[in-house]
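Residue numbers (numbering that gives the first Met the number 0), protein chains in the order written: chain A, 0 to 250; chain B, 0 to 250; chain C, 0 to 250; chain D, 0 to 250.
Read the hints as simulated data drawn from the structure, not as lab findings. Virtual Cβ for every residue (Gly too), placed ideally from N, Cα, C. It is possible that part of the hints are untrue.
Sample of chain D residues lacking proximity to chain C, with all beta carbon distances greater than 12 Å (derived) [stated by the list, open to error]:
(1) Glu51
(2) Gln53
(3) Ser63
(4) Val78
In silico lysine to any residue, SDA-like type, Cα no more than 25 Å apart, as pairs [as the list claims (entries may be wrong)]:
(5) Lys4(B) with Tyr206(C)
(6) Lys224(A) with Val83(D)
(7) Lys85(A) with Lys107(B)
(8) Lys228(D) with Asp34(D)
(9) Lys111(A) with Pro223(B)
(10) Lys22(D) with Asp59(D)
(11) Lys225(B) with Thr116(C)
(12) Lys224(A) with Ser1(D)
(13) Lys4(C) with Lys228(B)
(14) Lys107(C) with Pro164(D)
(15) Lys225(B) with Ile42(C)
(16) Lys85(A) with Cys117(A)
(17) Lys224(B) with Ser1(C)
(18) Lys2(B) with Ala222(C)
(19) Lys225(D) with Asn144(A)
(20) Lys111(D) with Ala74(C)
(21) Lys38(C) with Lys228(C)
(22) Lys111(D) with Ile82(C)
(23) Lys111(D) with Tyr105(C)
(24) Lys219(B) with Lys2(C)
(25) Lys107(B) with Ile82(A)
(26) Lys107(B) with Tyr105(A)
(27) Lys212(C) with Ile82(C)
(28) Lys224(C) with Trp220(B)
(29) Lys228(B) with Ala163(A)
(30) Lys107(B) with Thr57(B)
(31) Lys219(D) with Ile42(D)
(32) Lys85(D) with Thr116(C)
(33) Lys107(B) with Asp209(A)
(34) Lys224(A) with Thr208(D)
(35) Lys228(C) with Gln110(D)
(36) Lys224(D) with Asp209(A)
(37) Lys228(B) with Glu123(A)
(38) Lys212(D) with Pro138(A)
(39) Lys219(D) with Tyr206(D)
(40) Lys111(D) with Glu145(D)
There are 4 protein chains.
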Amino acid sequence: MSKLKVTVWNEFRHEIYDESIRKIYPNGIHGAIADFLNKEDGIEAGTATLDEPQHGLTDDVLNSTDVLLWWGHIAHHEVSDDIVEKVFNRVVIDGMGLIVLHSGHYSKIFQKLMGTTCSLKWREIGEKERLWIVAPAHPIAEGLNEYIELPHEEMYGEYFDIPAPESLVFVSWFAGGEVFRSGCCYTRGMGKIFYFRPGHESLPTYYNTDIQKVIVNAIKWAAPKKHPKITYDHVPVPLENISEWKSGNNE
Amino acid sequence: MSKLKVTVWNEFRHEIYDESIRKIYPNGIHGAIADFLNKEDGIEAGTATLDEPQHGLTDDVLNSTDVLLWWGHIAHHEVSDDIVEKVFNRVVIDGMGLIVLHSGHYSKIFQKLMGTTCSLKWREIGEKERLWIVAPAHPIAEGLNEYIELPHEEMYGEYFDIPAPESLVFVSWFAGGEVFRSGCCYTRGMGKIFYFRPGHESLPTYYNTDIQKVIVNAIKWAAPKKHPKITYDHVPVPLENISEWKSGNNE
Amino acid sequence: MSKLKVTVWNEFRHEIYDESIRKIYPNGIHGAIADFLNKEDGIEAGTATLDEPQHGLTDDVLNSTDVLLWWGHIAHHEVSDDIVEKVFNRVVIDGMGLIVLHSGHYSKIFQKLMGTTCSLKWREIGEKERLWIVAPAHPIAEGLNEYIELPHEEMYGEYFDIPAPESLVFVSWFAGGEVFRSGCCYTRGMGKIFYFRPGHESLPTYYNTDIQKVIVNAIKWAAPKKHPKITYDHVPVPLENISEWKSGNNE
Amino acid sequence: MSKLKVTVWNEFRHEIYDESIRKIYPNGIHGAIADFLNKEDGIEAGTATLDEPQHGLTDDVLNSTDVLLWWGHIAHHEVSDDIVEKVFNRVVIDGMGLIVLHSGHYSKIFQKLMGTTCSLKWREIGEKERLWIVAPAHPIAEGLNEYIELPHEEMYGEYFDIPAPESLVFVSWFAGGEVFRSGCCYTRGMGKIFYFRPGHESLPTYYNTDIQKVIVNAIKWAAPKKHPKITYDHVPVPLENISEWKSGNNE
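Work out the full structure: start from the sequences and follow the hints.
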């Protein structure tokens, strides 16, 4: 079986401009994620970042990507609408999987696919988070324990302005008093989308092996299948031999 | 109880340029719909059309509209992005209801709220349609029979590229061999959206009393409630008295 | 408009055998709930309890009930299967609403309607609960704040073994580290069902005005509509004039 | 990778008592299904029938079954409640997949898992059926065309009294004027359930290669994963170090 081609997209600004963050992710968040993905047998992961030409998402890259991961935060507005449109089409028409991470909730592509503002509450004091599994039969929960505990994370709190997920896999508990729908599955056209909450830039969350397992599971879940070839628009000839409509006076 | 303020928006082009269509809807599709709505006790319906200034959707009109109906077909691209943005915000942030009719599936506002292409199959031979109720307990099905029969309609067929509806109320059968998810409920932010398939411009569908009943039911279902006031963004102070996070090394 | 007929069913054992609980609910949990319901203009509430003949749910009572509330805990097994069957039929076939409260999650009727074990975690130390609204556009959330805070409640924790709710309205946060899907909407046949978590017998939860508001909203949401009259079983005559099947060799 | 263990359960009465049906399925419907399943690389299929001891579903058989297929029709009431309970527990607690075929909609196990009557309309004139795919990104639709056409089938029509499916994969069109939700996915506890409509005993439906492909896809989809080990009931020690609840007066 050929490997799943994964592209890890990262804004890659925090790591450049902030030394304390660079210390945690010396090769960027994308580098850290691609590293553990490339240790998986069935996955071959590359990276792309905002400041590369076409944000690293050339047609060649996009068209050979099975699943795209997206981490962005302070520069969502710098992502070109053209690239967003291309990613959208790859997901909805071709069935490329998309995994949106943490502050990617405010990315253009996620907002465009959700049809909502994707707003939420946040607080950055590094409090404890627990991601409880509320859909244990879901493939994204495979091999995990009942909950994942992160000793320190940024808090995201409800109301999270997203459409009700098709499957809700994780609900987070935060020490400070909030909850959050942290693992949310969607289908848009031929493509599958997973939003996964954790992953603040100032914390070593992507080194947590449970978090890594979730991302690997989500990639397998979101990987494109050989979907039925859909035809749209005009169907000139009735598929059935029908006489009913002939009696009408409107044709 | 004060009346629900409904605005019926119509592209209003077919009726002007095509005499055979004008004969069916002499006051426009919007006129025909507003007429039967204004016979309802709890509803006060106005209209708005594409060629009015701001497409008839001034801030005053939009801000006083509880539920907006949308019929468009050949001029979707002429609807200004500014107005689309305003309608979007009224739905998602303020909770205005939105009912998208027939060829409105390809309108900018519906595509923006769905996050998909909203493509479908179609055939225009005036064949028989039957809208079967698959959610009889839903308020939009109140007072109907098991199915609604339309002797002649344009066919819309699957695959209809929409997110799976939160509630699927109607599934259409067409004489020519297709099916279609014809009554689809969504929530986006504070707003409720109902897509309702029938209503081809060349057919007297909006005079059918069952179709009228569905639209009235949908308006009542989509009408805004006094929703909780949501706060977003920074929550500086932890809501709980927590000590856990203090042991961390990231603050 | 005639009033909604509500019947509040309670096991009514704790209040009899335990003085500390009787002090909180001197007229039983059912009495406390019926009291605030009867202050609502559109509601007329009666009560029924386990130890009455037929558990107080005679055919007369059931057939005139629009919405049934159910509180049970230590005597679920004493509820007769016949009554459970009658309640089931009233919900699924006739469309009576059903609101299942707190420890009612383990009642025979809830298990039968869910098709799962309805198991969960619990801890009884009176910790703080916060019910966050995750579906602010839902009618059950009308008029509330962003969350409801209960200073002391029994904890219920995930995984809660229920089918994924059709609408998830509340997610609870507990001080001790758990979350719970606390407000869950379902449709079964013609009937609507709402599970609402709070309401431990040793705590004055049903005197909380937000909790009361949720229950009133839920009653209005679950109240039966005039649903389409459904026919089942044999449809001898094809509804269409079809010739296709005649060519077959299997008739 | 070890093979998926599939057990095909069949009532196996029509084939014995009716020669015309025996001609179509000389080894029983279960035999025909097991035959094509055993040609798949990753599947090992056995059979079980009503009149075997314990209906062929001994503990040994059940405990080693990954996915159970269920075909029944005229003898649902002869299936012992004990066996139904065992199958239920295998699905909900252990995560065994269950695929319910055609007239199995009225089986005890399906009704128990759905929590509804599972009633529907039917007509037996061998009319044409078309199963349209309405969820092309779903793994059960992999490798199919836009629709499956069966020249002759029994008609099943809406309203089908089931909970709204978590994923609706197929909607059937029937020549006689009805539609039906023909491919419905559910999760109950750790287990996945797929209802698939076609397969009348008097027609050679299970020899259709598209129908076979759907069943194979559904088996792969429903196969148990290594789900998180869930703990229920009493959690005596608070998971967090909390002080909040101590101030309460109810402990």
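The hints, checked one at a time:
At roughly 26 Å from the closest C-beta of chain C, the C-beta of glutamate 51(D) stays outside 12 Å, upholding its exclusion from the interface. Against chain C, the non-interface label of glutamine 53(D) holds: every CB pair exceeds 12 Å, the least being about 23 Å. Remark: the non-interface label on serine 63(D) is consistent with the geometry, its nearest Cβ contact in chain C lying 23 Å away (cut-off 12 Å). Every C-beta of chain C lies more than 12 Å from that of valine 78(D), the closest at about 17 Å, which supports listing it as non-interface.
A C-alpha spacing of about 37 Å is found between lysine 4(B) and tyrosine 206(C), which places the hinted pair above 25 Å, so the restraint is violated. Pair hint lysine 224(A) plus valine 83(D) does not hold up; C-alpha atoms about 35 Å apart against a cutoff of 25 Å. With a CA separation close to 18 Å, the supplied pair lysine 85(A) and lysine 107(B) stays within the 25 Å bound. With a CA separation close to 35 Å, the supplied pair lysine 228(D) and aspartate 34(D) exceeds the 25 Å bound.
For a cut-off of 25 Å, the pair hint linking lysine 111(A) to proline 223(B) stands: about 24 Å separates their Cα positions. Straight-line distance between C-alpha atoms of lysine 22(D) and aspartate 59(D) comes to about 32 Å, which puts the hinted pair past the 25 Å bound. Note on lysine 225(B) and threonine 116(C): the hinted pairing is violated, with a Cα-Cα distance of about 36 Å set against a maximum of 25 Å. At most 25 Å may separate the alpha-carbon atoms for a hinted pair to count; lysine 224(A) and serine 1(D) meet this at roughly 22 Å.
For the proposed pair lysine 4(C) and lysine 228(B), the alpha carbon gap of about 31 Å is over 25 Å, so the pair is violated. Between the alpha carbons of lysine 107(C) and proline 164(D) the distance comes to roughly 23 Å, so the proposed pair stays at or under 25 Å and holds. Restraint check for lysine 225(B) and isoleucine 42(C): satisfied, since their Cα atoms lie roughly 20 Å apart, inside the 25 Å limit. Restraint check: the Cα-Cα separation between lysine 85(A) and cysteine 117(A) comes to about 21 Å, which is no more than 25 Å; the hinted pair holds.
With a C-alpha separation of about 22 Å, the suggested pairing of lysine 224(B) with serine 1(C) holds against the 25 Å cut-off. Under the criterion of a C-alpha separation no larger than 25 Å, the hint pairing lysine 2(B) with alanine 222(C) is consistent with the structure, at around 22 Å. In summary, the hint linking lysine 225(D) to asparagine 144(A) is supported, as the alpha carbons are separated by about 10 Å, within the 25 Å threshold. Only pairs whose Cα atoms come within 25 Å are accepted, and lysine 111(D) paired with alanine 74(C) is accepted, the gap being roughly 22 Å.
At roughly 34 Å between alpha-carbon atoms, lysine 38(C) and lysine 228(C) are farther apart than 25 Å, so this suggested pair is violated. Under the criterion of a C-alpha separation no larger than 25 Å, the hint pairing lysine 111(D) with isoleucine 82(C) is consistent with the structure, at around 17 Å. For the proposed pair lysine 111(D) and tyrosine 105(C), the alpha carbon gap of about 16 Å is at most 25 Å, so the pair holds. A C-alpha spacing of about 20 Å is found between lysine 219(B) and lysine 2(C), which places the hinted pair at or below 25 Å, so the restraint holds.
Among the hinted pairs, lysine 107(B) with isoleucine 82(A) is consistent with the structure: their alpha-carbon atoms are about 19 Å apart, no more than 25 Å. For the given pair, lysine 107(B) sits about 21 Å from tyrosine 105(A) by alpha-carbon distance, which is consistent with the 25 Å threshold. In summary, the hint linking lysine 212(C) to isoleucine 82(C) is not supported, as the alpha carbons are separated by about 29 Å, beyond the 25 Å threshold. Of the supplied pair hints, the one linking lysine 224(C) and tryptophan 220(B) holds, its CA atoms being roughly 12 Å apart against a limit of 25 Å.
Our distance criterion of 25 Å between C-alpha atoms is met by lysine 228(B) and alanine 163(A), whose separation comes to about 19 Å. A threshold of 25 Å between alpha carbons decides the hint, and for lysine 107(B) with threonine 57(B) the separation of about 18 Å falls inside it, so the pair holds. A distance of roughly 9 Å separates the Cα atoms of lysine 219(D) and isoleucine 42(D); the hinted pair therefore holds under the 25 Å criterion. Between lysine 85(D) and threonine 116(C) the alpha-carbon distance is near 13 Å, which keeps this suggested pair within the 25 Å criterion.
As the CA atoms of lysine 107(B) and aspartate 209(A) are separated by approximately 41 Å, the hinted pair breaks the 25 Å bound. For a cut-off of 25 Å, the pair hint linking lysine 224(A) to threonine 208(D) stands: about 19 Å separates their Cα positions. Between lysine 228(C) and glutamine 110(D), the direct Cα distance comes to roughly 22 Å. Compliance with the 25 Å bound is thereby established for this hinted pair. Restraint check for lysine 224(D) and aspartate 209(A): the C-alpha separation of about 17 Å stays at or below 25 Å, so the hint holds.
This hinted pair checks out: lysine 228(B) and glutamate 123(A) have alpha carbons roughly 23 Å apart, not beyond 25 Å. This hinted pair checks out: lysine 212(D) and proline 138(A) have alpha carbons roughly 21 Å apart, not beyond 25 Å. Only pairs whose Cα atoms come within 25 Å are accepted, and lysine 219(D) paired with tyrosine 206(D) is accepted, the gap being roughly 19 Å. Note on lysine 111(D) and glutamate 145(D): the hinted pairing is violated, with a Cα-Cα distance of about 32 Å set against a maximum of 25 Å.
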